[in-house]
Structures are given as structure tokens and as C-alpha cells.
Amino acid sequence: MTLNLWLIPVLPAAGAAINGFFGRRFSNKMVSAVALASTAASFAWALLAAIRLLGMPADQLPYIERIGVWLRSGDFVVEYGFYLDHLSMIMMLVVTGVGFLIHVYSVGYMGHEGGYYRFFSYLNLFMFFMLTLVLADNYLLMFVGWEGVGLASYLLIGFFFLRDSAANAGKKAFIANRVGDFGFLIALFLLVKHFGTLQYTDIFHKVAEFSPGIESGAGLLTAIALLMLVGATGKSAQIPLYVWLPDAMEGPTPVSALIHAATMVTAGVYMIARSNAIFSRSTTALAVVAIIGCLTSFFAATIGITQTDIKRVLAYSTVSQLGYMFLACGVAAYSAGIFHLMTHAFFKALLFLGAGSAIHAVGGEQDMRKMGGLKKYAPYTFWTMLIATCAIAGIPGLSGFFSKDEILWQAFSSPHGHWAFWLLGITTAFMTSFYMFRLLFMTFFNEYRGPVAAQHTSHEAQPHAATASAEHAGHTHAVPPPAPPTNAHDHGGHGEPHESPWAMVVPLVLLAVLSVIGGYVGVPKALHGGNHIEHFLAPVMPTITAEAAGTAHGGAHPEQEQSQAAEDSSLELTLTGVSVAVAFAGLGLAWLLYVKRRDLPAKIANSLGGLYTAVLNKYYVDEIYGAAIIGPLIAFSTRVLWRGIDATLIDGSVNSGAQGVRELGDSLRHQQSGNIRSYAGWVTAGAALVILYMVWMGTR
Amino acid sequence: MVPISYYLVLSAILFACGVAGFLIKRNIITIFMSIELMLNAVNLTFVTFAAQWQALSGYIFVFFVMVVAAAEAAVGFAIIIAVFRTRETLNVDRVNLLKL
Amino acid sequence: MLREASLLLGMHDSMNAGMFLLVAIIKIAITVGVLLTIVAYSVWLERKVVGHMQNRWGPTRVGPFGLLQPLADGIKFILKEDLTPPYVNRTLFILAPMLALVMALTSIALVPIGPNITVGSVTTPIQITGVETANNQPADIGIGLLIILGVTSLGVYGIALAGWSSNSKYSLLGALRASAQMISYEVALGLSLVGVLMVSGSFSLRTIVERQLGSPWHWNIFNGGWQIVAFFIYLMAAFAETNRIPFDLAEAETELVAGYHTEYSSMKFAMFFMAEYANMVTVACLASVMFLGGWSGPVFGPPILQSLLPILWFLARVFCFIFLYIWVRGTLPRFRYDQLMGFGWKFLLPLSIANILVTGLIVALRA
Amino acid sequence: MSHLILFLIFAALCVGGAINLLVQRHPINSALSLVLVTGSLALIYLLLGAEFVAAIQIIIYAGAVMVLFIFVIMLLNAGAEEETKGSRVAILLGVPGLILGLSTATWVLATRYPGPGSVIIGQLHGTAPGMGRLLFRDFLLPFEVTSVLILIAIMGAVVLARRGSD
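Residue numbers (our numbering), protein chains in the order written: chain A, 1 to 700; chain B, 1001 to 1100; chain D, 2001 to 2367; chain G, 3001 to 3166.
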């Protein structure tokens, strides 16, 4: 039986094409109709496919749908086809589902922006490439999606291309990704060289044929894994390539939610999880992954504490959460990583959308210091944001709690794990809960600190003023006495902060629900839940317990498994307790600093002095990069490549050649007198020469 | 008995006269005549060699040359008339606008 | 030397060179004399016939029925003052009429008037260019027809040069018309003859005639039942070639005083006059050779009569043809120039090509 | 013997006509001398035994092409050619080249083809049937192509010579 997986990516592609080619003539309603319809259809089909996949017998998994041969050179063949197993199923559902919700949200959010059709065309394009990436059945097709999402992200970050900062951010993201893709590409070359194929199945089988001894081919596998890791760090914004993600916040908020929080940035994690067969064979690679993830999460969290731009805070928190996922993969707890990936998709998307709604509420302001007190203006946004914050902070009972705990526990317990990982992780968890609640408090509590009559014509303060709708034009001539927002979705023309339209609120609510219940698929045994997701993903990736406890699922030594499970659960419980405590500590501290004693933060900042400024300026990483890499590169290109080679050598030779030809022509031109008889004279002389030559040839 | 070379030399002389006409005459019609003269000289060589090798194909070539000459005469005179209509002269030295 | 020359002229080895040349010269003399007489009297005939057509008497004064009128005209032409207008290109002005007459007279040399004639010990074909082969078979130049066409096509030079050299607009216009008209109708003329050539399969006029000897049904005009079309094409083209009404635009009195010979007088004018009528005769001969079976006809009586009858039949055909000329002249008006060209190019040419196609088909089917 | 004499006569006519073509100022004289050349060339063909070629030489060149020349000369009423200082190149480059080429070619022809080759009218081989057989069997395609060429030439002439767009 066939699932027609190809429909899932193709539908958004069709939407993108329609909107891209004809959208200019469509009305906004039409555009959104096309975009939503295509995404919804894709989501529905994905659900159907998922259900039918679960119905399949295990021996048919993974389900591979071959479309045809893409390229064939010698015995190296790349087919294009689709590969559906539990892992890609989860990714697929997350992408289509969250993507659909964000599309709905965007209808409300982008309503007043110019280039409406352009936006949705790009968004659908992104969906297409992301689904290609997720559903590909070989690395090359995955790479196509990989590059494609990079392109889509570039287009969407630079959506307000009239603004320099946006355009530059787009370029930055693109280039940073190039660096990573370079590594990934080389990894692919190595795969082709040593395995002669890029199909997942073949590669995994070949890897499995390596003798279990790590030594055999370990060097090769380590190299491949590390190069893949380079690519992953690029796409998933890990050290050292994370710098593009915060700047990517220049894009519209839904974009940040969809691409730079929920889906695209998790591509790296997905890739590592997909290649777990390779990674598991190389402890070195695993260790590096774990260390990078761990450091990134900690590092980004520290920066997140000091940021005041609401979206930047979220961006850094995204980086740090991605770091968690890498940590999970690094300790070979891929299922935990994917679990966190899923939950994180829910609540981080929710956070971004909420932030967007808040920005919408204050009419374009992104600085948290100018917000505050939005609780009473935008209740829906507040409550959903609260849920999301609790989820990410790890308050028990919400999705983030389960997934993050799973990661921490694995970091501590797994054979690849280490207590240092756990320590850094738990610290990060503390900081996470602190800055998230700081964000929450600064934004929604206390009184409103922003300007009443917002002068912004649209959220992003971008120069599309002309295209802003009449509603926002209404902002400018607004009446000062603020009326309390009776109906939430009223979007009326007053400068007061106000609730967003339903189109934006509904996705918030849905995502909130998901962020609450999303965790219960993975309640660990310690909390008397069967770790469903781990078992669910078991056929795709060997779980740590299985590796540690031999054939645990086979149930060869029940009592041993029992004992193992027992001590594990006791230890796990204590660690869980610690993390819960940490989460609440962060909450408390944030409450103390940003609600009770609001003078304290400044004092602390002063006392810290240099360290604070360093953190505030993101450790000057961008500056360091600029000085160490970009500066020299630009200098080299300018002096040598441009002025030296291009201008002097190439242009010089071409120009001088042209000059010489022209002068020659000038001298010869006078022979073209227009007089037939002189031409005849030339012809005659030439003929005489020919005759002489032939006679000479003939006579000698 | 006339040596074959006489005919060939005769044709060479005629051809040279044609070329000379092309070089020194100024009336475009006369120049055109010089071309015909050259064609005739070539025909003479064809006929001569055909007679020497007893090969009829030489005559066929002569035939084709004549056909082409007739066609060329038609087109050439059409061109001459068109030129005369616009430039009001038959002197090729005055028809020399086609230059840089 | 003499022998080689006569060999070049096609003499057969078995003959005596001197005799051969003598015979040739005699033949030439007789033919030219007869021809000029015919020319002179066809003028008389024309004046008579047209006169009667227009309810007049025509020439009656000089001799019975004005039979001596041509003689009188000749004397008048010779005695008149031969004046050459100023500002003419002298050489060409004088050369032109000679050219016209020479070409007109030359073409007659190829026409076979009859089979062999035997005078005393000498037997020779009645044709200037005709020779006798070893086995007493008369033969002539293999490409006689082509030569006739070539010579007649050279005839146009006389008219063109006359018109141009006499440096007068009437003459020039006449000459322009004449040359264009003759080139145009040569095409139709030649193509109309192609059909006959396909039927009889030879360029040699004598051969063509010998192919149609016997009953009139062997004449090319009936032969294959189609050549009658070719005959009519030939007829019209011949009228145009000889600048006769209704195609005499080169000398249209009403428009150009006298066309190309406006400026000519006395003997030069007479030359043109003779050339025109000689051309008529030539065309008539050609018509009878190509279409009407040449000299074919009943032959009876004593040997001398037997050898003269074919000439008679031939001359009869020529007479009929010339009478037709005169008749048409007395009947039809003159064409307009564009009508002339349109008729030549748009009617005669396609028709003759169609004729060639059909004839080819018939020949192919017959073979 | 007489053959040689005839050849010399006609050759002299040819060369004389060609040179006359050069020296005459008036195009119509040049045209007439070209007629003379073509006519005597036809006779030379006859000496070479190519009777058919001779005939069509007369018909096509003397009878049609040259008449066309004279027609055009009369139509355009071309006067005697005027003295314009022509191009130096033609004189400085062309004439020496011409003389050079002519002398070389003449020398080569005179030295390379000493073999006696000639025909007498008794044994004509350029006859119409042979030509026809060759033309319509072996050279059928070129023949058809030339007919197409003629057609195109006619159309081109009409288009070129037609007055403006009316």
C-alpha cells in the first residue's frame, strides 16, 4: 500500500507557486485562503499517513516510497523518494501542525504589512523544503531541503528588505549557514566515497556491518560525524555558529516562531538523530556533541538573562534549548532529544507568538522596558504566555518539565553521560526559569510603561508605512483617554495596548493546550509513566536503557531489569526534585527582582560591572568574529582578489586587448573607402598572390 | 591544328581584360559588362578542356555558368536601376556612401 | 586551303571542292533573289489586299494591277536624297539598318525548302546550309533551329541601335518598346517550339520536316492532337517578333511618329522595310517547317516537275501565312503597351509551359 | 591550317572587342564590342566542336543578356562616362597585380599545355542529344536547382526594380 507521501511536501509547494506567481493580483483573503488551504491539506494528509503508518506491521518499517532515480553516474545512484518512520513521522507532524497554526496566526499578524502574498509564498516555500528535509530518504535529498530551508529563512529574515538591519541579518544567517553546510557537504562526500551511496538504509546497514569494535572505521565515522556536527551547529545555531539566530529576529515574529524556534533550527538535531547509527559508533563525536550542546545552552542562557529586547531573549533561550537537545543527542539519548524537540516546538512557538501578540498589543515596541502591565490589556496573551513560560521553565506537570528532566537524567545516567553535563544543565535550567519569568514579569506585570499613542504604523517599525492599513493609520490620530479593552479582538484605532484578533489568539490557545499535554507522551518510569515516546522511537534508534541493560525489551533477565529500574528510578526521582527546586528558585528570584524590588537589578548590574557589560554585549562574540575572520577576509578580497586580480589582471588584459583591436581597426578602417574599384584592386592583388603561390607549389 | 594552350591563353587574356575593365572603368554598367567578359573567358576554358578530354560535362558547366550569368544580369540590372533612381548617377566613384 | 575551307563548310570528301563552293554560291544567289522578290511583292500584295478590305483599289497605276509598283518604289528609294540628321551617332545610325537586314536575310539560309534537286550531274538539297552525305542523303546543321532563333534574336539590335543612335525621343521610345517586346516574346516563341521539338526529337529543320512527310495528319500541328495550341502561341509570338499589327508598338504611327525609323529616309529606311518583310517570310517559313509539314504534298508528273512541286507547296504555305499577316493587319486594332506585356508574360508564357507539360505527357505515354 | 587561321581571326576579334570595351567612353559602344566578343566566342566554340554551346552562347549572351544591357543603357540614357579621379588603390595595387597574375597564368598555360588538341567540324561531340542526356540524367538535380535560382532571381529583380511601395 502506498501513502503518497509526495503529496505532503508538494501541497505547500503548490501554494507557494500559486501565491508567488499570481499573488500580486490576489486579494489578501485569497492569498491567505490559498496558503492556509495548502498547509491544512498537507497537515491532514500527514495525519492520515501517520495513522496508516502506525497500522503497518513492524517488518514493513521504515516505509520507503521511491519516486524515481534522480541522478546516476557510474554505479553511484541517487534516488529521490520519501522515508517515513516514527522519527520522521514526529517531525512531519510537528512541522505541518505547528506550521499550520503559525500560518493562521500570520493571517492576523501580517494583515497590515506590505508584500502579504510574498510573505505567505515564502512561508509555504519553507514548509515545502522543511518537509523535503524531514521526509527525504537519502542524504542528498535531505541536503536539498537543508539548503532550501536556509534559503527560505534568508528570504523571510530579510522580509523587510528595505531595512538595512534586516537585509544584513538575512545575509548573516545565510553565510553562517554556508559555513555549516560546507561541513555537511564534505561529510556527504566522505559517505559517497566510503559507502558509495547516500540512501539511509544502505548506509545504516553498511555501518552496522562494521565490527562492533569501535576501532574499525572509527576514524572515518568520527570524521563524518564531526563534519555533520559542523553542519548541525550551523543550522541549529550552536557554538560557534550560533551568532546568526539572535539577529534573525529581524524577521516577522511568526517567522521567528516557525523557522527560528519550532522547526528549522531543529533540523540539526533531527539530522543527528537520523544519523544516530553513525554517531553511536564514535564516542569522540558523541562527546563533542554533548560538550558543544552543554556549553551552548549555558552560554546562551547567561546572555539571555541580560537582554531587554523580548524577541532576543527568546532567541537566546531557543539557542540554549537547542543546546539541551544536542546534549541529549550527545549522550546518545536521541529519543530524549526528539522528545524535547517536540515539546520545545510547542512552547517556544507559543512563546514567540505570545511575544508577537504582546508586540502587536503595544503597536510594534519590542523593548521589554517599554512594556509592562499588559496582563490587563491582553489577557489571552498573558495566560498563554504564562503557560508557555512555566513549560519552558520546567514547572512540574507541563511538557517542558518532562522532556528537560529526561535529558538531564540521561546526561547524568547514560553510559556516555557525565555529572558535569548534569551540573551545567541544571544551572542552565535555573537561569532559564529566571530569565523567562523575568520576561514574563517585565512584560505583563506592573504598569504600562510604553507611549500611549503609538506612532508606529506597523509592528516592525518598518518603512512600509504606505501599505499599512487604515486601522493602523488610525493609531496616529488617536484620542488620549484610554478606554479599557472590552472586547479582546477589537483592533480599534486607539493607541492603547490591546488584545490581538482571534486569528492570532486561537493558535495561542491551541499551542498552550499542546504545551500542557505534550509532555505526557514521555512521562518517565520513575513517575510511574511508561516512557512511551522512548519505546515509540525504539525501532528507529536504540535507547540507552536497551544498550545499557542488554536486551531489556527482550526481557531476558527480568529481575536484573527490575533492580536496574528500581535504583534508576530512585536516583532519577532525586534529580527531578533538584530540577524542580531550581525551577522554582528561578521563579522566585525573578519575582523578587522584577516585581518586588525593582531597583535591585540596576544595583547588581553596577556591582558586577565589566562582567555585566560583557554579558550584555553578548561577550563581544560578534566583534571577535568580525576582527578575527571577517575583517581579514574582507581585506584580502579587497586588496588581492578585487584590486589585484580582478581589476588589474583580468580587466586590464581584456581592456588592453579591446584597446589594441580598436586601434588596429582605426588604422584599417580607412581602407574601407566605399569605392568598389579599390576593393576590386585588393581582390586582384590577392588573386595574383594566390596564383603565384599555387604556381610556386606546382612548379617545385 | 591549334594547340590547346592557345585557347587557354586567349581566355586568360579575356579574363584579364575583364578585370582591367573592373579596375579602370567608372560606369557601373560597363563594370557589369566586364564581369560578363570574365564569365565568358571562364566558359572558354571550360569548353576548351571539355574538347581536350572529350568530356561533355564541361559543356554542362558552361550551361550552368550561362544560367547564373542570366540570373545575375537580371538582379544586377534591377539593382543598378534602383541605385540610379536614388543616386541619379551611374558613376561608381560617386556611389561610395557605404563606408565608415 | 580551298579544300579545308569547304570541309569546314560541311562538304563531304566525295565532292569536288570547287564544285561544292560553286553550288553553294549559286544556291545563295537564287535564294536571296527569290526572297527579295517575295518581299517586294508581299508589300504590293499588302497594299492591294488592305485596299480592297478598306473598299479601295490599292495601287493600280503602275503596270497592270499596279504590278510594277514595287519596282517603282525601289527606284524611288534609291533616288531619294539620303539625309542624315545632325546630332546622330553616325556609325551606329548607318550600321543599324544593315544589321537589321543582314540578320533578316541570314536566317533564311537555314530553312529547308525542299528535298534534293538534281541539276545535271550535281545533286544537292534545296537549302543553303544543306549538304549531301555519302549515301546521297541530304543533311543539314544539327542545330539549325537554334541558329535561326539566335539570328532572329540578333535582329533586335538593328532596331534598338537605330532608335538609340538617331537621338530622338520617338525613335528611342520605339526602340525601347521594340527591344523589350522582342525579348519578351522570344521566350514564348522558343517555348512554343519546344513542344514540336519533343514530338519530332531533333533540332535539324530538315529532319523535322522529314518526320511529317506524308498525309496532313503527320503534320506537327495535328500530330499528337495538341500542337495546334503551340501553333497559335507561335503565331502570336511571331506577330510580336516581327513588329506587325496588332503588336507594332515599335512603330506606332499614332503615338510615335514612325517609331524607331522616324529619322530614316531613302535606302536605309528601305532596308528596315525589307528587313521587316524578310522577317515575315522567315517566320512564315519556320511556321510551315515546324508545324505545317514543310514541303509535304502530292508529287507527280515529269521529273523536273517532281523536283519543283515541293518548292511550290512550300511557297504556297508561306503565301497563306503572309496573307494571314495582311488579313490580321487589316482587321485588328493595336494593343496598348501594358496589354502587350501582360499578354506575353501572363498568357502566352504559362500557356506554352502548359503545352510543354502536356506534350511531354503525350510523348511519354506514346513511348 | 585554315583551322588555325580561323581561330586567329576570331581570337583577334575577341581581343579587339575586349580592348575596345575598355577604351570606349560610351557604354553602348562597350556593349556592342562585348556583343562582338560573345559572337566570336561562339564561333570559337564551334571551332572546338561545341555546336550546342555555341548556339546557346549566341541565343543567351548575344540575344538576351546583351540586349538587356543595351535596353538598360537606353532606359537610363547613360551618357559618356565622366572623368572622376578614382581610387589610387585600384591603380597602384590592382593593375600590377593584374599584370602579374596574367603573365604568370599565361606563362604556366603556355608551358604546361603544349599538347595539340583540336577538333574539326566533321566530328562534333558537343551535340544537343548528348548534352540533353547528360543534363537530364546525371545533372538533373543541379539543373532543377538552377531553375529555382532563376525563379528567385526573377522575383528579386521584380522586387528591387519596382518603384517604391505602390
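None of these hints come from the bench; they were simulated from the model. Just so you know, not all the hints are guaranteed correct.
Stretches of chain A that chain G covers, calculated by requiring three or more beta carbons in the stretch to come under 8 Å of a beta carbon on chain G [what the hints assert, rightly or not]:
no., segment
1, 675 to 681
2, 686 to 693
Residues from chain G that face chain B, not an exhaustive set, calculated with beta carbons under 8 Å [claimed, not checked]:
no., residue
3, Leu3004
4, Pro3027
5, Ala3031
6, Thr3038
7, Ser3040
8, Leu3068
9, Pro3129
10, Gly3132
11, Leu3135
12, Leu3140
13, Glu3144
14, Ile3150
It should be emphasised that the depicted structure is a prediction, and the values quoted were computed from it without experimental measurement. The beta carbon of each residue, even a glycine, is placed where N, CA and C say it ideally should be.
Checked hints:
no. : hint       : result
1   : 675 to 681 : holds (count 5)
2   : 686 to 693 : holds (count 6)
3   : Leu3004    : holds (5 Å)
4   : Pro3027    : holds (5 Å)
5   : Ala3031    : holds (6 Å)
6   : Thr3038    : holds (6 Å)
7   : Ser3040    : violated (10 Å)
8   : Leu3068    : holds (6 Å)
9   : Pro3129    : violated (10 Å)
10  : Gly3132    : violated (10 Å)
11  : Leu3135    : holds (6 Å)
12  : Leu3140    : violated (11 Å)
13  : Glu3144    : violated (12 Å)
14  : Ile3150    : holds (5 Å)
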